[in-house]
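K.L.:
Could you put the whole structure together from the sequences, leaning on the hints where they help?
Just so you know, the protein sequences line up as chains F and D, in that order. Numbering (my numbering) for the first sequence: 8 to 703. Numbering (my numbering) for the second sequence: 8 to 703.
Hints are computed from structural coordinates only; laboratory data are not their basis. One or more hints might be untrue.
Because identical chains share one entry, a pair is satisfied inside a single copy or across any pair of copies.
[Stated by the list, open to error] Using 30 Å as the maximum straight-line C-alpha spacing, the simulated DSS-like pairs for lysine-lysine come out as follows: (1) Lys369 / Lys27; (2) Lys369 / Lys82; (3) Lys641 / Lys652; (4) Lys461 / Lys414; (5) Lys641 / Lys269; (6) Lys368 / Lys27; (7) Lys437 / Lys27; (8) Lys379 / Lys213; (9) Lys368 / Lys82; (10) Lys541 / Lys486; (11) Lys269 / Lys644; (12) Lys238 / Lys269; (13) Lys184 / Lys46; (14) Lys27 / Lys554; (15) Lys368 / Lys379; (16) Lys514 / Lys541; (17) Lys15 / Lys414.
Number of protein chains: 2
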Amino acid sequence: MNITKLLKPNKIAVVGASEKEGFGGDTCRNILSYMEESKYYFVNPKRDAVFGKKCYPSIDSLPEPIDLLVICTPKSTVEEMLKEGAKKGVGAAVVYASGYGEVGTEEGRLAEEALIRLCKELDIALMGPNCAGYANFIDRIYPFAFISEERDRTGAVGVVSQSGQLVLSMMDSPRMKFSYTISSGNSKVCKMEDYLEFLIDDADTKVIAMYLEGVKEPKRFVEALKKAAIKRKPIVMLKTGRSDKGQAIAASHTGSLSGADKVYDALFQKFGVIRVDDLEELMSTAQALATLNMIPEQEGFSCMSLSGGETGICADLGQLVGVDYPDFEQSTLHKLEELLPSYATPNNPLDSTATLSYDSKKYAEVLEAVMKDPNIGLVAVGYTLLQEIADNAIFYMSEALEMVCTKEWAKPVVMLPFAENTRNRDYVEKLERIGVPVLPTSLYAFKVIRNILKFAAYRPEHHNFHVAVPEVHTNSPGKSALTESESKRLIASYGIPCGRFDVAVSKEEAAEIFERMDLTAAVAKIDSPDILHKSDVGCVKLNLRDKESVKLAYEEIIMNAENHCPGAKIKGVQICEMAPMGAEMIIGVNNDPQFGPCILCGAGGVFVEVFQDVALGLAPLSADEAAEMVYSLKGVKMLQGYRGKPVYDIQSLIDTVVKVSEFACEHKDQMSELDINPVFIYEKGICAVDALYIKK
Amino acid sequence: MNITKLLKPNKIAVVGASEKEGFGGDTCRNILSYMEESKYYFVNPKRDAVFGKKCYPSIDSLPEPIDLLVICTPKSTVEEMLKEGAKKGVGAAVVYASGYGEVGTEEGRLAEEALIRLCKELDIALMGPNCAGYANFIDRIYPFAFISEERDRTGAVGVVSQSGQLVLSMMDSPRMKFSYTISSGNSKVCKMEDYLEFLIDDADTKVIAMYLEGVKEPKRFVEALKKAAIKRKPIVMLKTGRSDKGQAIAASHTGSLSGADKVYDALFQKFGVIRVDDLEELMSTAQALATLNMIPEQEGFSCMSLSGGETGICADLGQLVGVDYPDFEQSTLHKLEELLPSYATPNNPLDSTATLSYDSKKYAEVLEAVMKDPNIGLVAVGYTLLQEIADNAIFYMSEALEMVCTKEWAKPVVMLPFAENTRNRDYVEKLERIGVPVLPTSLYAFKVIRNILKFAAYRPEHHNFHVAVPEVHTNSPGKSALTESESKRLIASYGIPCGRFDVAVSKEEAAEIFERMDLTAAVAKIDSPDILHKSDVGCVKLNLRDKESVKLAYEEIIMNAENHCPGAKIKGVQICEMAPMGAEMIIGVNNDPQFGPCILCGAGGVFVEVFQDVALGLAPLSADEAAEMVYSLKGVKMLQGYRGKPVYDIQSLIDTVVKVSEFACEHKDQMSELDINPVFIYEKGICAVDALYIKK
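P.N.:
In structure tokens form, the structure reads like this:
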């Protein structure tokens, strides 16, 4: 499929060119505003001219071959136009028409399938259907169906969005500057993955901003993210569906705690994709990254404002959003004391006082002092740049920024306003030219700053870049569980310690196992794929210390199982070495149909259930990834010598999480879930006390 | 003190009137732009005219009495001007000059004290020093030192701020409309409390927006909040210092978990004050409340947007910020199905589809259907209103809003944009006239919506409106603890169950107590004000079942105390009825020097320490307040029949929290802290197992 003909065509033809309001007319208006005349043709059998430009009666009548058709005519005409176009060399098309798969009817579905087949047959790269088209700002190609204020928007942010409305909103934003804006529509021929790959490879695109509802080709999507991560090209992602609980696979902890959307979090974390919460955060994070001359070399942040009130707000917002202020070095403090008025107290965040905003030399010196502090990687200057400038502070401040930010050793700087407004274009341009982005209002600004710092801190080499995308995508309707002993045997073969155990099918065999294993204390449990809550039905007996107790336990367990769970398949009674109590943890796997096994880790019991203190990671996990998961738990404090308790073997836990992830990868096409709960962690070592493996 | 002469003067005189940049010149420029000529005089011995207006050589030479002096001259001249003014009937002054208490020097402090004395002597209500003045938009009085774009800002938000810079930022915001904007400066004569009271009583002020660094007169502040709560006049509060941990009183749980700033949270919660995180949230919450025709009558929220992308963002932001979407009634769903295109799925949040934005009648019908749903109290219409209007949607939408929102039964509506911008003034005005505020960009918008809904849900009658402000403000340097038995006796007398116990001073007496109380199991513990971590030093013995064990325990405990804590004051050994294990909770009190006892409640142990799952409330607490605290805990789930555990007696816990708050109020001038930890809660009843009372 030739996406170059789609996004970088030599010649385009607008079919259904018009002067009326609507897709045809608005596309023509956009093309007239932004494209060179030699690049496009208008086609409409009912008109000789559109906005004074010659209009051809048919595609066939055009004087030269065409790369891209922009089809503004109704759905019923689309196939005919594509066929006609193919004869004229067309290799790509933009189709605005709706009424395809998105309407949810059988008719729509069939129309879409027919369209896909035709494109395949004719080798046409089709954008849409049901899209708003795109704009290529680099080559000035503008087959886009919505009108917005006329201005030059050429820049370095590449946008791809499954919503045309959101593309329009981004183009309406006065601060955004783009390489490409793509409204992908139903994405049924050219897919989101195609556009993403294109933008990652595109040298004119410095940052990618993506609005995503869902992924169609997980493998290609993962490959694209991997490529971007290695290139360190930032992808800023607005993925909706966080609050949609419909997809969460219920039943086990692992299922309900790692539902579909959380898998995206794990995926994005692996590849350093910046996930955002709304459109404004998407735009401003992308535009800030595109404007900065460099990514910060370290995570330390400082902020300098012109008043105590603003400095206080910055201190509080930093804590709220998760941006830390490291202390300044002594030498920085001394330098600042020299520079600032006597009533100022140098500190991070810094109140540089209002007087400084009228002294560009002094302001520059203070900024330099902050920037030179070895703990600082990114500096924000607090100032509410307005549209109408009523005082001179910004004149002096921008002069100071120009002095400092153009120096070779300069660290990145952003401007942080405290109230929503449209910012004065002249100053925004001036600041952008020296690599200083003007951020949106403070709460957003702090989220953008956190996003930049997180991207700066991301290290591709700490991550395992494989993702075990399953080949078998559907779960069979009747999922089946293994018994506990079968589950433990399976994972034990991957080096996960499960203690000693064996299964008896008679009370005599139970006693024989107890003797053979030379146990001092044993636990007996029913071994059945159908009895999941064993304790609740009297099918677990603890602390058995002699053969007779073991025999008795066997009998009771079988009786209880038969009484409480009639019809359950019983494979015997498991006799296990009784594990000493340790700190209770849980490790689980939920096999996502798109991205494969997602590993969950947390402290067991209420900590997971009431406080939802869990970490997720996509398999396979590197040791660094597993360690990051474990140390991200609030409950990790309970393992580190809390209140007289021992220091537990956290390394064993991390190793086990890695092993579970490896096991899960190898079973990606067979398993549905794995729940190792509890895992006891000790001062030395770890033991999986119970396990449940559920097949697809 | 005559604050009316300060804020509503008949005549004002500007001393140090000038045409230069700076406080004098900028004040004159503001006065020329906004005030009637008959209301002001300029004074400056060096000039005959300022901007073409007559300038008088001295205060004395003015032709009539003056209410308010605006002193733009340096600090050294201020006292003289006040004295001169007093002879001319002056009862109020605005003083811009700095160099007083805020610089932190002895000289500044003395100058401030002298100024305060003089104002008292002359009965002058002084704003400042070190302030930026104020503007009274109702009577067009404008003694304000900063310049911003000239426009009419008259509205209903009353601002009082301890930062002049933040007042300026609010006035710079194109959407804000004010009754008063007050920059209080050092607030040493007229205080924040004075301005707050004035605005609460002022009929032209519908909403108060306050920037606060600290409170000087806690009692008056509390009285003001109470009055506003009863009047249901909203106070929106930006109080910085959340991240300042300097003031947290360390040591006990209660201290570190309820530091000074958290007390403000408790205070604001009691009186329904809306606390915000930054300036933009302050402004837009206040302006939205001032614009709405009514406060929502219920908390149910719905949002209708023009695209699936925007609807998805709204769904996710709702969850992120804590705004719920109730389901629509069946009848609403049917009505929406009729009205919307066939491919739309009626739901809350609602994707009303873009086609509707070009059909005002249809859009109005859909809005009506949503509004009439009995579960809905507030509706947001999603639309990014820009400054330059490039399409017609807003024309049709505003027409629809006008049709619906002017109806008598209409519920409140807000407009919710998705990208930062300055909004088109004409449409903003048009929407505001029908009571529809245009909110800031989505994340802020959702915070504003949550603030409005929380204010709507606040019920003054559920709260105990007393606050036990202490008369004794200082903690003595050597705080002293009571022993456990003394602490328990104290709280037991307030009806807090502590089990049976007595203190023995010999092993024989210990045995005698055991026998007298007819115990089956006892606990022995050292009774000393100096040994806080009793278990750690072997000074607690559990499960004593006979007299001999009790005697032995007595001896061991005394020996361990003497060995491990030489010099500790030992009052004996406590013999207690051994409380059966229950669910472990903690109740504490931290006596704030300004606002008095703040009650803390949480599940004990790791839940408080690692997960910080605690609730705070200012004493005295109503039963409703205590219940709200308990039910706000995540851990409350563990008390409600969690995983086979019993349903615990939550009502007893609530009652005990109320009793602790009553106890604390009566001891507000004696106590520093109280830590009841643990409290065991049972299926029936509750028992305080350990208690520590620390005196001031």
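K.L.:
Of the numbered hints stated previously, which ones are contradicted by the structure, given in increasing order?
P.N.:
14 and 17
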